[in-house]
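Undergrad: Just so you know, the sequences run in chain order A and B. Those letters in the first sequence? Residues 1 to 633, by this note's numbering. Those letters in the second sequence? Residues 634 to 944, by this note's numbering.
What the hints contain is simulated information worked out from the structure, not anything from laboratory work. Some hints could be false.
[Stated by the list, open to error] Once the Cα atoms are required to be at most 25 angstroms apart in a straight line, the calculated DSS-like pairs of lysine-lysine come out as:
id, chain 1, residue 1, chain 2, residue 2
1, A, 452, B, 675
2, B, 782, A, 452
3, B, 785, B, 795
4, B, 828, B, 675
5, A, 432, B, 675
6, B, 795, B, 773
7, B, 672, A, 452
8, B, 672, B, 785
9, B, 782, B, 795
10, B, 787, B, 828
11, B, 787, B, 672
12, B, 782, B, 675
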Amino acid sequence: MSDELIWRIAGGSGDGIDSTSQNFAKALMRSGLDVFTHRHYPSRIRGGHTYVEIRAADREVQSRGDGYNFLLSLGDSFARNPQEEAYYGNEEIKPLSENLDELREGGIIVYDEGLISEEDVEEVNLHERAEENDWHVFPVDLRGLAKEHGREVMRNTAGVGVTAALLDMDLEHIEDLMSDAMGGDILEANLEILHEAYEMTREEHDFEHDLRAPEGSHETEQALLSGSNAIAYGAIDAGCRFIAGYPMTPWTDVFTILSQNFPDMGGVSEQVEDEIAAAALAVGASHAGVKAMSGSSGGGFALMSEPLGLAEMTETPLVLIEAMRAGPSTGMPTKPEQADLEHVLYTSQGDSQRVVFAPGNIEEAYEQTRLAFEIAWDYQIPAIIIYDQKLSGENTNVDVEFFDRDPQPDLGSTLTEEELREAAHDNSGKFKRFNHEDAENGVAPRSIPGQKGGRYLATGNEHSPVGHISEDPDNRVAQMERRLEKLESIRAELDEERDSTQTYYGPDDADYGIITWGSSQGAVAEAIERLNAQGHSVKGISVSDMMPFAEKEVTEFLESVDEAMVVEMNATAQFRGLIQKELGRFGDKMTSLLKFNGNPFEPAEIVEGYEVNLADEDRQPTAQVRIEPAAGD
Amino acid sequence: MSAFNAIGEEREIDRDEYTPGVEPQPTWCPGCGDFGVLKSLKQALPEAGKTPEEVLTVTGIGCSGKLNSYLDTYGFHTIHGRSLPVARAAKLANPELEVIAAGGDGDGYGIGGNHFIHTARENHDITYIVFNNEIFGLTKGQTSPTSPKGHKSKTQPSGSAKTPLRPLSTSLNAGASYIARTAAVNPNQAKEIIKEAIEHDGFAHVDFLTQCPTWNKDARQYVPYVDVQESDDYDFDVNDRAEAAEMMRETEDVLNEGTVLTGRYYVEDDRPSYSQEKHAVGEMPDQPLAERYFDDDAEWERSYDLLERHT
Ligand SMILES: Cc1ncc(C[n+]2csc(CCOP(=O)(O)OP(=O)(O)O)c2C)c(N)n1
Ligand code: SF4
Ligand SMILES: [Mg+2]
Numbered sequence: 001m002s003d004e005l006i007w008r009i010a011g012g013s014g015d016g017i018d019s020t021s022q023n024f025a026k027a028l029m030r031s032g033l034d035v036f037t038h039r040h041y042p043s044r045i046r047g048g049h050t051y052v053e054i055r056a057a058d059r060e061v062q063s064r065g066d067g068y069n070f071l072l073s074l075g076d077s078f079a080r081n082p083q084e085e086a087y088y089g090n091e092e093i094k095p096l097s098e099n100l101d102e103l104r105e106g107g108i109i110v111y112d113e114g115l116i117s118e119e120d121v122e123e124v125n126l127h128e129r130a131e132e133n134d135w136h137v138f139p140v141d142l143r144g145l146a147k148e149h150g151r152e153v154m155r156n157t158a159g160v161g162v163t164a165a166l167l168d169m170d171l172e173h174i175e176d177l178m179s180d181a182m183g184g185d186i187l188e189a190n191l192e193i194l195h196e197a198y199e200m201t202r203e204e205h206d207f208e209h210d211l212r213a214p215e216g217s218h219e220t221e222q223a224l225l226s227g228s229n230a231i232a233y234g235a236i237d238a239g240c241r242f243i244a245g246y247p248m249t250p251w252t253d254v255f256t257i258l259s260q261n262f263p264d265m266g267g268v269s270e271q272v273e274d275e276i277a278a279a280a281l282a283v284g285a286s287h288a289g290v291k292a293m294s295g296s297s298g299g300g301f302a303l304m305s306e307p308l309g310l311a312e313m314t315e316t317p318l319v320l321i322e323a324m325r326a327g328p329s330t331g332m333p334t335k336p337e338q339a340d341l342e343h344v345l346y347t348s349q350g351d352s353q354r355v356v357f358a359p360g361n362i363e364e365a366y367e368q369t370r371l372a373f374e375i376a377w378d379y380q381i382p383a384i385i386i387y388d389q390k391l392s393g394e395n396t397n398v399d400v401e402f403f404d405r406d407p408q409p410d411l412g413s414t415l416t417e418e419e420l421r422e423a424a425h426d427n428s429g430k431f432k433r434f435n436h437e438d439a440e441n442g443v444a445p446r447s448i449p450g451q452k453g454g455r456y457l458a459t460g461n462e463h464s465p466v467g468h469i470s471e472d473p474d475n476r477v478a479q480m481e482r483r484l485e486k487l488e489s490i491r492a493e494l495d496e497e498r499d500s501t502q503t504y505y506g507p508d509d510a511d512y513g514i515i516t517w518g519s520s521q522g523a524v525a526e527a528i529e530r531l532n533a534q535g536h537s538v539k540g541i542s543v544s545d546m547m548p549f550a551e552k553e554v555t556e557f558l559e560s561v562d563e564a565m566v567v568e569m570n571a572t573a574q575f576r577g578l579i580q581k582e583l584g585r586f587g588d589k590m591t592s593l594l595k596f597n598g599n600p601f602e603p604a605e606i607v608e609g610y611e612v613n614l615a616d617e618d619r620q621p622t623a624q625v626r627i628e629p630a631a632g633d
Numbered sequence: 634m635s636a637f638n639a640i641g642e643e644r645e646i647d648r649d650e651y652t653p654g655v656e657p658q659p660t661w662c663p664g665c666g667d668f669g670v671l672k673s674l675k676q677a678l679p680e681a682g683k684t685p686e687e688v689l690t691v692t693g694i695g696c697s698g699k700l701n702s703y704l705d706t707y708g709f710h711t712i713h714g715r716s717l718p719v720a721r722a723a724k725l726a727n728p729e730l731e732v733i734a735a736g737g738d739g740d741g742y743g744i745g746g747n748h749f750i751h752t753a754r755e756n757h758d759i760t761y762i763v764f765n766n767e768i769f770g771l772t773k774g775q776t777s778p779t780s781p782k783g784h785k786s787k788t789q790p791s792g793s794a795k796t797p798l799r800p801l802s803t804s805l806n807a808g809a810s811y812i813a814r815t816a817a818v819n820p821n822q823a824k825e826i827i828k829e830a831i832e833h834d835g836f837a838h839v840d841f842l843t844q845c846p847t848w849n850k851d852a853r854q855y856v857p858y859v860d861v862q863e864s865d866d867y868d869f870d871v872n873d874r875a876e877a878a879e880m881m882r883e884t885e886d887v888l889n890e891g892t893v894l895t896g897r898y899y900v901e902d903d904r905p906s907y908s909q910e911k912h913a914v915g916e917m918p919d920q921p922l923a924e925r926y927f928d929d930d931a932e933w934e935r936s937y938d939l940l941e942r943h944t
């Protein structure tokens with residue numbers, strides 16, 4: 001019997017799979033389990049095969065599993081030409097047929113026979129395959145059931161009722177969640193459908209399967225939230241009250257969450273004409289004294305290059321977020337990839353003067369967003385959060401108390417009028433805003449327009465201490481060095497005064513290391529756990545500090561192992577390249593395990609990558625991943 | 634108590650306060666029309682009762698973008714074409730600031746054209762001065778969006794095949810609520826128009842004809858000019874959109890034939906500004922957002938209080 005449930009609900013986009021799965025995940029969480037969700041969807045509004053997977057267990061789950069063990073297939077009610085054999089095949093059955101390959105042996109299949117006909121089922125050899133794999137198949141007329149007691153769209157509820165019956169789950173949490181979400185006749189009908197499906201399943205079917213919902217308990221109250229929620233909440237708690245943006249998947253989630261919350265918090269959200277404007281607005285609002293942010297995904301972020309450089313040169317505090325999706329160009333808009341690292345680190349002319357964090361899980365997304373605001377306003381520097389479609393959309397449970405913190409709206413190195421009176425001014429009384437003479441850690445305190453005695457010019461041209469355009473070589477060198485000193489000071493602060501933003505796995509004394517960054521963290525963590533359980537000795541580090549780079553920690557890690565494998569979701573090993581550039585060595589120690597097919601790593605793929613690597617065989621793994629040998633290999 | 638005490642200060646204001654004390658001296662070429670904009674601002678701002686530290690002047694890149702190097706307000710010299718998004722956000726962040734955006738014809742009608750249209754549409758309460766010299770000055774004389782058809786430059790050696798953009802008509806169609814054209818050669822009118830633009834509650838767009846004697850020698854120096862309000866030859870109602878549109882069309886048509894028409898073209902006083910519209914739908918705080926960060930007693934909402942929806 002499995003100690004975990006991995007439930008997959010599949011249907012067409014627009015079939016309400018998101019909200020159904022969200023509620024089911026919450027019900028599992030409320031029953032005391034840890035949960036992790038993964039969303040797979042096409043770049044279409046209606047139709048197209050989509051699914052959400054929920055992994056639940058009585059232990060920490062931080063990644064997808066390998067495969068899954070329960071399929072609820074709704075059929076695709078938005079299928080194109082369901083009656084005709086179009087070139088794209090019979091779409092109605094895809095939510096069933098396309099999910100079979102990953103279903104584990106002994107798994108359960110529930111499908112809506114109201115939408116998927118017996119003929120179709122035969123065509124995909126379901127029965128034969130079920131026999132081979134010991135699957136337990138339950139055809140249920142979910143559509144008919146829903147229609148009978150309510151409306152057809154309520155068939156998801158019927159599916160949940162069947163699921164609960166087969167897994168021996170209590171209906172209590174599911175009922176509570178339904179009552180929270182709806183009322184009146186709609187609630188009545190849904191409850192009726194839920195119970196009817198539950199009872200009918202128990203009466204009409206023999207239970208020969210082993211799979212049951214795991215049991216667990218939490219000591220503290222849990223909240224289910226996504227990486228996008230965590231970033232948005234980190235921004236709120238950092239005192240951010242201005243956001244400007246232009247929609248683009250997957251960044252839109254953060255933009256939406258903040259736009260919906262800001263009006264009640266006295267904040268301002270602006271949807272503007274393009275991403276150049278979006279970033280420029282954030283710069284303008286920050287210049288005028290507000291904690292402001294913007295963000296986008298790859299293509300939109302490309303448009304932000306120049307305003308980003310302007311923020312660097314004028315030392316305007318700013319937080320940008322970049323939600324990666326598979327590129328180049330429009331790429332695969334709804335698929336995750338980690339291929340914008342170099343883009344985010346180096347885009348915009350001149351030497352980069354920015355901070356970049358890559359959170360790897362939901363707690364880190366919250367923490368590092370807060371940290372980004374703090375650093376940006378203390379050091380007057382743009383700070384960027386780089387994450388991806390995977391982290392953006394995945395939900396997991398977090399201790400509610402984790403969020404019980406003081407907000408931090410502080411404007412960092414910004415002066416009040418009173419402090420301005422004491423500050424340095426030139427002979428004509430102009431405030432020395434960019435004073436390199438008594439800057440601390442490279443930071444020269446700033447004034448805000450409207451303050452008395454703080455007048456200065458901010459300019460993207462190189463400038464003198466009061467902000468006048470200047471091409472004087474001595475001034476140029478002094479200003480560049482002062483701005484770059486901020487990065488060194490930030491590194492020192494991160495190393496010496498704060499908890500590490502890197503996360504470590506496995507035994508300290510292991511001599512094989514796995515290095516990863518961003519959202520691949522969860523799968524790597526689980527792979528390391530498995531490898532150690534199998535008797536290998538492997539440890540891991542998940543790096544967040546991209547700029548200024550976590551030089552000391554990564555050096556120590558690499559020095560402590562004989563060999564290392566760098567795991568990332570891109571084709572050109574960008575993070576390994578960054579390590580080599582930053583550390584200038586270890587090129588012969590690091591192999592890469594790369595994946596860029598649009599799907600995130602599964603732990604088993606990393607385990608296999610390790611095995612292939614270790615065996616030193618001249619072959620590629622069976623999964624759609626690539627090994628890029630170390631330098632000199 | 635406000636954290637921004639330069640704002641709303643009641644006192645005598647000396648024009649010289651707007652001139653930088655030590656340096657820099659303007660580096661514009663002798664005879665450049667840009668001096669005219671600087672001068673009219675130095676006159677109009679004190680007349681409008683504005684002190685230098687309650688004004689934020691946001692410029693783009695070009696000869697024109699140097700304006701705030703020589704006008705001693707708070708200044709933000711941004712990047713090519715982006716003065717408007719920076720300026721309008723500053724206004725949203727602190728609506729009490731007097732925000733003036735300025736830049737060239739290439740900056741505002743070319744590379745920043747999209748922002749121009751949308752800022753006008755939204756009717757942000759800011760003043761926007763376009764230094765229209767019908768040329769790219771700073772990059773040494775290439776054709777600009779307002780260069781006349783047939784204008785020869787190094788990048789259009791056989792003469793431009795393009796019809797020039799219509800700044801006033803574009804502005805009207807986009808939604809600006811105050812639209813005027815003035816010229817550097819007409820300082821009195823320029824000052825009056827700039828003052829009106831500053832005092833207008835909404836997006837005030839001034840197309841300011843600034844001769845470039847260095848790169849645009851063929852062009853007229855915008856003399857003689859005609860003030861459409863003062864001339865008996867023209868009679869239209871600036872509050873009437875259709876009549877304004879007609880007058881703008883004619884003005885744009887005759888400019889390249891040598892007749893320089895200037896004056897107020899469109900004034901819409903009762904249209905709410907963007908902040909007012911946004912406030913009306915409940916998406917703009919009552920207090921200037923910037924003040925809140927300096928208010929030690931301000932209450933800050935926490936994400937912790939939003940968690941119920943996630944449990
Ligand atoms: C993105 C970008 N493209 C090009 C330039 C080069 N550039 C600087 S000013 C300018 C045009 C200047 O013309 P205009 O805006 O009319 O200003 P003027 O100098 O005439 O006042 C150009 C093309 C730049 N700075 N940035
Ligand atoms: S090049 Fe033309 S626009 Fe630029 S300063 Fe000289 S005269 Fe003025
Ligand atoms: Mg020009």
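Undergrad: Next step is simple, just say for each hint if it's right about the structure.
TA: Do the hints match the structure? See the list:
Under the criterion of a C-alpha separation no larger than 25 angstroms, the hint pairing residue 452 (chain A) with residue 675 (chain B) is consistent with the structure, at around 19 angstroms. For the suggested pair residue 782 (chain B) and residue 452 (chain A), the alpha carbons sit about 48 angstroms apart, so the restraint of at most 25 angstroms is broken. Taken as a hint, the residue 785 (chain B) and residue 795 (chain B) pair is honoured in the structure, with Cα atoms around 11 angstroms apart against an allowance of 25 angstroms. A distance of roughly 10 angstroms separates the Cα atoms of residue 828 (chain B) and residue 675 (chain B); the hinted pair therefore holds under the 25 angstroms criterion.
Simply put, residue 432 (chain A) and residue 675 (chain B) have alpha-carbon atoms about 23 angstroms apart, close enough for the 25 angstroms limit, and the pair holds. Under the criterion of a C-alpha separation no larger than 25 angstroms, the hint pairing residue 795 (chain B) with residue 773 (chain B) is consistent with the structure, at around 20 angstroms. With a CA separation close to 24 angstroms, the supplied pair residue 672 (chain B) and residue 452 (chain A) stays within the 25 angstroms bound. About 31 angstroms separates the Cα atoms of residue 672 (chain B) and residue 785 (chain B), which puts this hinted pair outside 25 angstroms; it is violated.
For a cut-off of 25 angstroms, the pair hint linking residue 782 (chain B) to residue 795 (chain B) stands: about 5 angstroms separates their Cα positions. Distance restraint check for residue 787 (chain B) and residue 828 (chain B): the Cα-Cα separation of roughly 38 angstroms exceeds the 25 angstroms cut-off, and the hinted pair is therefore not satisfied. At most 25 angstroms may separate the alpha-carbon atoms for a hinted pair to count; residue 787 (chain B) and residue 672 (chain B) exceed this at roughly 32 angstroms. A C-alpha spacing of about 35 angstroms is found between residue 782 (chain B) and residue 675 (chain B), which places the hinted pair above 25 angstroms, so the restraint is violated.
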